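Undergrad: Given next are the chains, with one letter for each unit.
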Amino acid sequence: MGPMGMDPMELDVGSLEELSVVLAEDERVREWLPRCAVAINDRVVSDRDMKLEDGDRVTLLPPVCGG
Amino acid sequence: MELHDGPLDVREIFGRWLDEESGNNYGAYIPFVGIIREEDGIEALSFDIYEPLLAKWFDEWQKRAREMGAKVRMAHSIGDVPVHTSSYVSAVFSPRRRVALELIEEFVEDFKANAPIWKYDVVGGERIYASERSTPMDGAGLLARDSE
Chain A
1 MGPMGMDPME
11 LDVGSLEELS
21 VVLAEDERVR
31 EWLPRCAVAI
41 NDRVVSDRDM
51 KLEDGDRVTL
61 LPPVCGG
Chain B
1 MELHDGPLDV
11 REIFGRWLDE
21 ESGNNYGAYI
31 PFVGIIREED
41 GIEALSFDIY
51 EPLLAKWFDE
61 WQKRAREMGA
71 KVRMAHSIGD
81 VPVHTSSYVS
91 AVFSPRRRVA
101 LELIEEFVED
111 FKANAPIWKY
121 DVVGGERIYA
131 SERSTPMDGA
141 GLLARDSE
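Just so you know, the protein sequences line up as chains A and B, in that order. Position 1 of the first sequence, counting from 1, maps to 1 under our numbering, and the rest follow consecutively. Position 1 of the second sequence, counting from 1, maps to 1 under our numbering, and the rest follow consecutively.
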C-alpha cells in the first residue's frame, strides 16, 4: 500500500510463513518488510503461522502518518 | 467518518456536526483541527488512505466511545492539501466534558500511530514519502526474515 507503489501480485503460498520466504527474495519488497504490518482480507494480523486460503488478499502496510 | 478530496472545509464540517448532534443532549463538543504548517519548503502534503482498514479502525473507536456514552467523529483529506489548510479534523461529543477531554487526546494519538494513512511532502510538484515522520503500525515486521 501507499509509498511501496507496487501492483498486486498473485502468489501460490499456503501460509504467511511461506509468503515471507517468497517476499524475502523480492528486492522491491524486502527492505520494507521489517517496517510493514500485515493485513489479510483487510484485517491486521499478528501471527506468522496463519494459513492462507485460495483468494485471500494479503496487504503490506508501511509506516503511517495521518493528519 | 468522512473522506474528502483535497483540503477540508472546516467551518462546514464543524457546523454540520454541531447541527446533526444538537438533538442528542451532549454537554461537551471538543473539536481538533490539524493544519498543514509551512516548513522545509513544502507546498502541500498529500495523503493515501486504505479505506476499508481505516473504517474498521474507526468503528473500534466508535464502539469504545459509545461504551462511555460518547461519540467520535472525524474527517480526513485524500490527495494534496496546501499549507495553511486542514487535512484532518476530529471531535468527541459526550454528556460531560471530562470524558470528551480524555477521549480526544487518546483518539488523536492513536490516529497518528495506527490509522492506515500515508503522508507525502509535495515539493516542486513532486510527491515524497514522509518516511522519517511515519510510524510502523502495531505488529510491523511480521514477514521480515530474522536471518536477513
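No lab work stands behind these hints, which were simulated from the structure alone. Computed from a predicted structure; not experimentally measured. All C-beta atoms in this analysis are idealised placements derived from N, C-alpha and C, irrespective of residue type, glycine included. Just so you know, not all the hints are guaranteed correct.
[Claimed, not checked] Label-pair ranges, simulated between beta-carbon atoms:
no., chain 1, residue 1, chain 2, residue 2, range
1, A, Asp54, B, Arg98, 47 to 57 Å
2, B, Glu43, A, Met4, 22 to 32 Å
3, B, Val10, A, Asn41, 27 to 37 Å
4, B, Glu126, A, Glu25, 29 to 39 Å
5, B, Ser22, A, Pro34, 47 to 57 Å
6, B, Ile128, A, Asn41, 22 to 32 Å
7, A, Arg48, B, Gln62, 47 to 57 Å
8, B, Thr135, A, Asp26, 42 to 52 Å
9, B, Gly125, A, Asp7, 15 to 25 Å
10, A, Ala24, B, Gly41, 16 to 26 Å
11, A, Ala24, B, Glu21, 17 to 27 Å
12, A, Leu11, B, Ile128, 45 to 55 Å
13, B, Arg97, A, Val13, 46 to 56 Å
[Unchecked claim] Not everything, but these chain B residues come out facing chain A in the computed CB check (under 7 Å):
no., residue
14, Ile42
15, Asp48
16, Leu143
Undergrad: Run every hint past the structure and note whether it holds.
TA: Consistency of the hints with the structure:
no.	hint	verdict
1	A/Asp54 / B/Arg98: 47 to 57 Å	50 Å, holds
2	B/Glu43 / A/Met4: 22 to 32 Å	24 Å, holds
3	B/Val10 / A/Asn41: 27 to 37 Å	35 Å, holds
4	B/Glu126 / A/Glu25: 29 to 39 Å	31 Å, holds
5	B/Ser22 / A/Pro34: 47 to 57 Å	48 Å, holds
6	B/Ile128 / A/Asn41: 22 to 32 Å	31 Å, holds
7	A/Arg48 / B/Gln62: 47 to 57 Å	30 Å, violated
8	B/Thr135 / A/Asp26: 42 to 52 Å	24 Å, violated
9	B/Gly125 / A/Asp7: 15 to 25 Å	24 Å, holds
10	A/Ala24 / B/Gly41: 16 to 26 Å	37 Å, violated
11	A/Ala24 / B/Glu21: 17 to 27 Å	50 Å, violated
12	A/Leu11 / B/Ile128: 45 to 55 Å	30 Å, violated
13	B/Arg97 / A/Val13: 46 to 56 Å	52 Å, holds
14	Ile42	14 Å, violated
15	Asp48	5 Å, holds
16	Leu143	4 Å, holds
Taken one by one, the earlier hints fail for this structure at numbers 7, 8, 10, 11, 12 and 14, listed in ascending order.
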